[in-house]
Amino acid sequence: MTRWLPVPVLFGLAVLAGWQLAVTAADVPEYLLPAPSVIAASFDRSLGYQLAITFAEALAGFAIASAGAFACAIVFVRFKTIEDGLFPVAIALKTTPIVAIAPLLVIWLGTGWSSKIAAAVLISFFPVLVNATRGLKAADAEYRELFQTLGSSRAQEFRKLRIPYCLPYLFSALKISSSLAVVGAIVGEFVGATQGLGYLIIVSSSHLETPTVFAAIAAAAAAGITMFYIIGSIERAVVFWQSESVE
Amino acid sequence: MIRPARLALAQAGNPSRDPVVTVEDLEVSFADVKAIGGVTLTVGRGEFVSLLGPSGCGKSTLLKAIAGLVQPTAGRIRKADMCRRIGFMFQKPLLLPWRTALDNVLLPVEIEMGGSVVDASDRQRAIRMLEMVQLADFAGAYPHQLSGGMQQRVALARSLMADPDLLLLDEPFGALDEMTRDALNEELLRLWQSKATRLHSIVMVTHSISEAITLSDRVLVFSPRPAHLVEDVEVRISRPRAPEDPDSAAVIKRVRALVRGRP
Chain G
11 MTRWLPVPVL FGLAVLAGWQ LAVTAADVPE YLLPAPSVIA ASFDRSLGYQ LAITFAEALA
71 GFAIASAGAF ACAIVFVRFK TIEDGLFPVA IALKTTPIVA IAPLLVIWLG TGWSSKIAAA
131 VLISFFPVLV NATRGLKAAD AEYRELFQTL GSSRAQEFRK LRIPYCLPYL FSALKISSSL
191 AVVGAIVGEF VGATQGLGYL IIVSSSHLET PTVFAAIAAA AAAGITMFYI IGSIERAVVF
251 WQSESVE
Chain E
11 MIRPARLALA QAGNPSRDPV VTVEDLEVSF ADVKAIGGVT LTVGRGEFVS LLGPSGCGKS
71 TLLKAIAGLV QPTAGRIRKA DMCRRIGFMF QKPLLLPWRT ALDNVLLPVE IEMGGSVVDA
131 SDRQRAIRML EMVQLADFAG AYPHQLSGGM QQRVALARSL MADPDLLLLD EPFGALDEMT
191 RDALNEELLR LWQSKATRLH SIVMVTHSIS EAITLSDRVL VFSPRPAHLV EDVEVRISRP
251 RAPEDPDSAA VIKRVRALVR GRP
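Chains as they are written, first to last, in our numbering: chain G, 11 to 257; chain E, 11 to 273.
What the hints contain is simulated information worked out from the structure, not anything from laboratory work. Treat the hints with care, since some could be wrong.
No farther apart than 27 Å at their CA atoms in a straight line, the calculated lysine-lysine pairs in the BS3-like style are these [said to hold, decoys possible]:
1) G:K147 <-> G:K185
2) G:K147 <-> E:K263
3) G:K185 <-> G:K170
4) G:K147 <-> G:K170
5) G:K170 <-> G:K90
6) E:K102 <-> G:K170
Using the sequences and the accompanying hints, generate a full structural model.
Below is the structure:
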């Protein structure tokens, strides 16, 4: 990790330096494209507060979605009929753009945090559901025969075989869902909110405060990346037996 | 955990004919495919029996039917009362990759005990099982740190941990190189003859003729699918055997002719 980390960091710094030089040299107006130094100057305590709000909403949504989707996957794998009945509904839900549903969520749940959490739940639920369902079915038939010859109950088979076997699948979905949850929270804030990064972006852009917009975007990206890396490091500790992640 | 009193063992190599498993007119079909077409056989207490036949002939299905993993379409399978536990060993080690060798060996006990936790005596027994397959030093190793042969030895220790009377082996060492396979076969023979376990009878599926004759008391030769019993060959050669010995070579030649369908 220490070997490859410096390369992307150096590359990123080079891009920022080029950006800075280009904007300064061409004298681009700040409201069109602010220089990185100007954007950096607009990071302040208030931005940190908005970021904390969005991050908390995303985290809550992600936690609810992951737990719910995993429980749902267990039910799906255990009861085939329920899977057959509900899976199309889940796909329909996934295919509907979250941006289209978000206004409805605000009507139902108001402009407070609950509509943002709901949007985060909706967007991060599906990847976990699909992968967990697949992972719970992934153990070879021979593994299940082994458990059968040992006289295992179905619950033991889930606990000692299917669930651990599912973990690599689960974690690769959690990594995707964790950054999606940030997207969900921000979309929820776009539609109707009084705080959060999405709110900040909408308000600042209408005032042509472009540096703040950029700072909020950077903060949102940082939130998503942080979630991704936290889950990634938990994954490496938990799924130690699998060197490559499953997709 | 409480173990039933140890049964008096028939001397290995001197099998008594009390049947442990009796298969009568067994037929097994999957959808339109008939895998087994009317097989009758018995496995005696203390016997080492090999099932030999062309690959895909249904001998693995027969083994799974004896284990109760496959339901008979017709006919029946009876197990003697003394045959309380049946161990099954697959071609793949099927170790749980998130468990150490020791914890893999403990799996049968955990499953049998349900919710309760394994205790120190179970751990000691698991270590003894690993000692039997010469892997005591690797108790804390994870499967991905072990070679294929070592993994299969852990799987053997796991099968023994369930304390079976009868062990069913489905080409257990077929995926391994010849040298490892010979070593493991020798180990299996030693475990079968030893009195350290309750294990007294073995049924092994193989498609190696020399392996079948080097190991078993009886070799049951099967036809291509649907499997029929072609011949029941008793191998009356004292152990240890080597395929090169004239006695063994003669039986190998005979069985090879049977397998090819030209007796």
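Going through the hints against the structure:
1. G:K147 <-> G:K185: Given pair G:K147, G:K185 holds - Cα atoms ~20 Å apart, limit 27 Å.
2. G:K147 <-> E:K263: violated, 46 Å
3. G:K185 <-> G:K170: holds, 24 Å
4. G:K147 <-> G:K170: holds, 14 Å
5. G:K170 <-> G:K90: holds, 21 Å
6. E:K102 <-> G:K170: Answer holds: E:K102 to G:K170 is near 18 Å, not above 27 Å.
In this structure, only the earlier hint numbered 2 is contradicted, and the remaining ones agree with it.
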